[in-house]
Amino acid sequence: MKKRSLLFTVMVLLIAVTSFAQGVIQGVVKDANTDETLIGATVVVEGTTFGVTTNLDGSFLLVAPAGDLKLDITYVGYESQTIDITVKDGSTYNIGNILLKSSAIGLDEVNVMASVAVDRKTPVAVSTLDAQTIENQLGSQEFPEVMKNTPNVYATKSGGGFGDARINIRGFDQRNVAVMINGIPVNDMENGWVYWSNWAGLGDATRTIQIQRGLGASKLAINSVGGTINIITKTSDMNKGGSIQVGATDYGRFKTMLSLSTGKLKTGTAITFVGSRTVGKGYIDATFVDAWSYFLSVSQDIGKNHQLVFTAIGAPQQHGQRDGYYMLDSAKFNKYGPKYNQNWGYRGGEELNIRKNFYHKPQMALNWYWTINEKAFLATSAYYSFGNGGGSGPLGYGHYKYEPPKTSYGQYDWDQMSDLNAANVDTADARKNGAYTIKNGDTSFQHRSQHIIRNSMNNHKWMGLLSTLNYDLSDMLTLTAGVDARYYKGEHYREVRDLVGGDYWSDSKFGATHVGDKIAYWNDGIVTYGGLFAQLEMTLGNFNAFAAATVSNTWTKRIDYRSYLPAEDKAVSEGLSNLGYDFKIGANLNISERSNIFINGGYYSRVPFFRFMYLNYKNDVNPDLTNEKITSFELGYAYNASKLKIRANGYYSIWNDISMLTGFKADDGSYVNAFMSSLKEVHMGIELEADYVATRWLRFGGMVNLGNWKYADDAHAILYDDQTHDKIGEGTIYTKDLFVGNQPQSSLGFNGTFRIAKTIDLGFNYLYYMGLYAQFKPEHRKDENVRAQAYQLPNYGMLDMRLGWRFKLAGLDSYFNWNVYNVTDNITLVEAEDKFDKASGEYVFKKGFWSWGRNMNFSLKVRF
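Counting in my numbering, the sequence shown runs from 200 upward without gaps.
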């Protein structure tokens, strides 16, 4: 009996030893194209529960059972890979670098069209954010804010409404920063602005963001004075699957997102869809949001050499605003706090914000990729976009010209305004405009509204064709050439949105108007653009150089349906034709396996924006229009090792003949228009950033940006009579040596990621800003004896933190993300306007926007 018992024990021990025979597998998972390590990739022994995720340096260490195994390596957005390996008990196997290919269909092709910069090859200063970084950091932030942790980028929420953020790069505002989506320019063709609320769901659909500072790598003639924001969206995916995500803020905003992908079917078709819904309250008073977003990508292989990709992206939305007119002065801030918004009130017990933005701007593109032969590749995109919507605001006359009555809290009393309008009878105006009826000899007059809510509508149609040919002339030389054609028509008018208790609004041209009728102005801006571009690139061993040039012409026309009534023959302006061009050169030398240096320079003759071509908001052609000139030089160095990366560069940019059209009251009380085209700014600085992987569990980095951005001279202004449009004189605007405002001249930042457990990571970002001056209007600097700098805002720092947790939910990969913004609850000025104080002879604070206090976002994503 004892022998049987002993035999049984030995057999159990043998089985146990055999079943627990183990070995160790280690390696590093990387992107096959960029050679960047992939953090959080999954490495699993097929058919077992043995698995790990890669560390902050892309490495993994997996304890696996002995035997013949299949190792599955997966990462979101990449093709999975299976490796066969035989593991012996007690042995360690280093399988080296595992290179995963992107599962995005057509990604290489769209990168060609979008002029995506290549590390250690393209000689430009560049920072790239991948999809994981965007997803982790974006949370409830505005889309531009996810870029604030890159060198010389300043992004704020501005008034605080959904999608109302703004971004500056190297001291240039977003009118002078080119924004491109898959290589297609999206800056407004009339004024250069980018309205981020029109792209509310862009963060959901973005694969990478590449911020190219300076003139950038794009071959197109675009607004890249300060830089280029190159946004590459998700494409159709090789892998089948999807995800659902829910999120919420601590101030009452909620978001749900769904992502679906068919994978590549046997027919060569692949479809990817991303859709989201965002609703709820804003952090700022009365800044609600009601938004949808959608992204669709459909790809189809046609034989071996052709591929068609159709994409559509859009975001119908409406949201409450607090615009720059309603910045807070010190009294309001001290009394009500930073969330205060005065431009709303209650009407009939319901919240009514006079400032509401509503818009839908879908963009559709059909891309054709043709591999002609081994040397030639053609990428062509035909795109179409149309936008409908605008923003509401106040309109009044007399005592209520600017604002309706206010409550004791300083906000609008809509009920009182409604009663005032309903009781207002202006018999003379009513007779003039036919706003009355006569019945049985009795005259009944309609009630004239003294203050209404109007809509400023900005509809547009935009179509374009972009075609790029890449041709390998030899092993050393590659020629890139193409055509860029665009047509844009913007329709601008005001209309009555709400009569606020009255019967009609009196318009000087259209008479008695009602809800939906056009008022105040009504005009179209038509811009036609045609450009040719070419680039010759040479690669010789470790040396790479390029020379690029663009020539383009812009044709413009203005149609005014109101100002010239009834003389309709003047409604169509003179057509204008303006030539622009640019050229760039650059070179990169890889001086070792880890180090490279680059240099670039360029000259850009840019046609001024449509706004400056016609005076007085009418069809009067500006006779003094001249192209703006930008000259830029840059020198940089980069060090790339497995654990340490360093980037350093210096830049010098001259922006000459800057156009500005404005107006002011003269000493005699008359209104004068002033056009300036001789403003000059010089922007110079140094940028330094580093990233260091200290251990498998700890990664940190930092950056330092030192800038000196100034107006280089006094500007010459030409003065025109507001009524006759005749030239009445000239003047000088005293701007020499004034600092450029609205972005900190210098800043520094620190960031880190710490994996506190295999499935939990903690991250932080800290930014400190210095030398932030108020945004001022150069035309106000008319006194030669007053050359004081604009008001300087206090230096400030902001700390953001996040916590991520990977886990299984019903067997599905899930991720919980918790973002905390402004951890220290630092309430400080981030934007300001100033005024002149005669007593001190200095410019002092007038009004501004303060930072948001501490706020949080929670999200849960489940993949299937």
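Rather than coming from a laboratory, the hints here were simulated on the basis of the structure.
We put the beta carbon where it would ideally sit given N, CA and C, even for glycine.
Among the clues, some could well be false.
No more than 25 angstroms apart at the CA atoms, straight line, and that leaves these computed lysine-lysine pairs for PhoX-like [as the list claims (entries may be wrong)]: (1) K1034 <-> K935; (2) K531 <-> K864; (3) K534 <-> K300; (4) K503 <-> K465; (5) K1046 <-> K1007; (6) K769 <-> K844; (7) K1037 <-> K531; (8) K976 <-> K864; (9) K909 <-> K1007; (10) K1007 <-> K439; (11) K463 <-> K1060; (12) K1045 <-> K957; (13) K864 <-> K600; (14) K600 <-> K503; (15) K531 <-> K439; (16) K879 <-> K909; (17) K1037 <-> K935; (18) K534 <-> K1060.
Simulated restraints, written as ranges between beta carbons of each label pair [claimed, not checked]: (19) L897 <-> V445: 17 to 25 angstroms; (20) A1009 <-> G523: 26 to 34 angstroms; (21) R895 <-> E550: 22 to 30 angstroms; (22) L788 <-> M662: 37 to 45 angstroms; (23) K976 <-> L788: 18 to 26 angstroms; (24) T894 <-> I1026: 34 to 42 angstroms; (25) V750 <-> D271: 48 to 56 angstroms; (26) E550 <-> D307: 33 to 41 angstroms; (27) R1005 <-> G523: 39 to 47 angstroms; (28) H559 <-> V750: 29 to 37 angstroms; (29) T468 <-> K708: 17 to 25 angstroms; (30) L1011 <-> E235: 45 to 53 angstroms.
request  = Indicate whether the distance between the beta carbons of T468 and K708 respects the range 17 to 25 angstroms.
outcome  = 54 angstroms, violated
inquiry  = With the threshold set at 25 angstroms, check whether the alpha-carbon distance from K463 to K1060 stays at or below it.
reply    = 23 angstroms, holds
task = For the pair we were handed, K531 and K864, check the Cα-Cα distance against 25 angstroms.
result = 28 angstroms, violated
ask   = That 22 to 30 angstroms hint for R895 and E550 (C-beta), does it hold up?
value = 52 angstroms, violated
task = With 18 to 26 angstroms as the target window, see if K976 and L788 comply at their CB atoms.
result = 45 angstroms, violated
request  = Would you check the hint for K879 and K909, treating anything up to 25 angstroms between C-alpha atoms as holding?
outcome  = 9 angstroms, holds
query = Within a Cα-Cα threshold of 25 angstroms, do K909 and K1007 meet the stated pairing?
reply = 54 angstroms, violated
request  = For the range 33 to 41 angstroms, tell me whether the beta carbons of E550 and D307 fit it or not.
outcome  = 50 angstroms, violated
query = How does the Cβ-Cβ distance of L897 and V445 compare with 17 to 25 angstroms: does it lie in that range?
reply = Cβ of L897 to Cβ of V445: about 31 angstroms, so the range 17 to 25 angstroms is violated.
ask   = Are the Cα atoms of K1037 and K935 separated by 25 angstroms or less?
value = Given pair K1037, K935 holds - Cα atoms ~21 angstroms apart, limit 25 angstroms.
query = Are the Cα positions of K1046 and K1007 separated by 25 angstroms at most?
reply = With a Cα-Cα distance of about 50 angstroms, the restraint between K1046 and K1007 is violated, given a limit of 25 angstroms.
query = Regarding the pair K531 and K439, is the alpha-carbon distance no greater than 25 angstroms?
reply = Cα-Cα ~54 angstroms, so violated.
Checked against the numbered hints above, the structure breaks hints 2, 3, 5, 6, 9, 12, 14, 15, 18, 19, 20, 21, 23, 26, 29, 30 and satisfies the rest.
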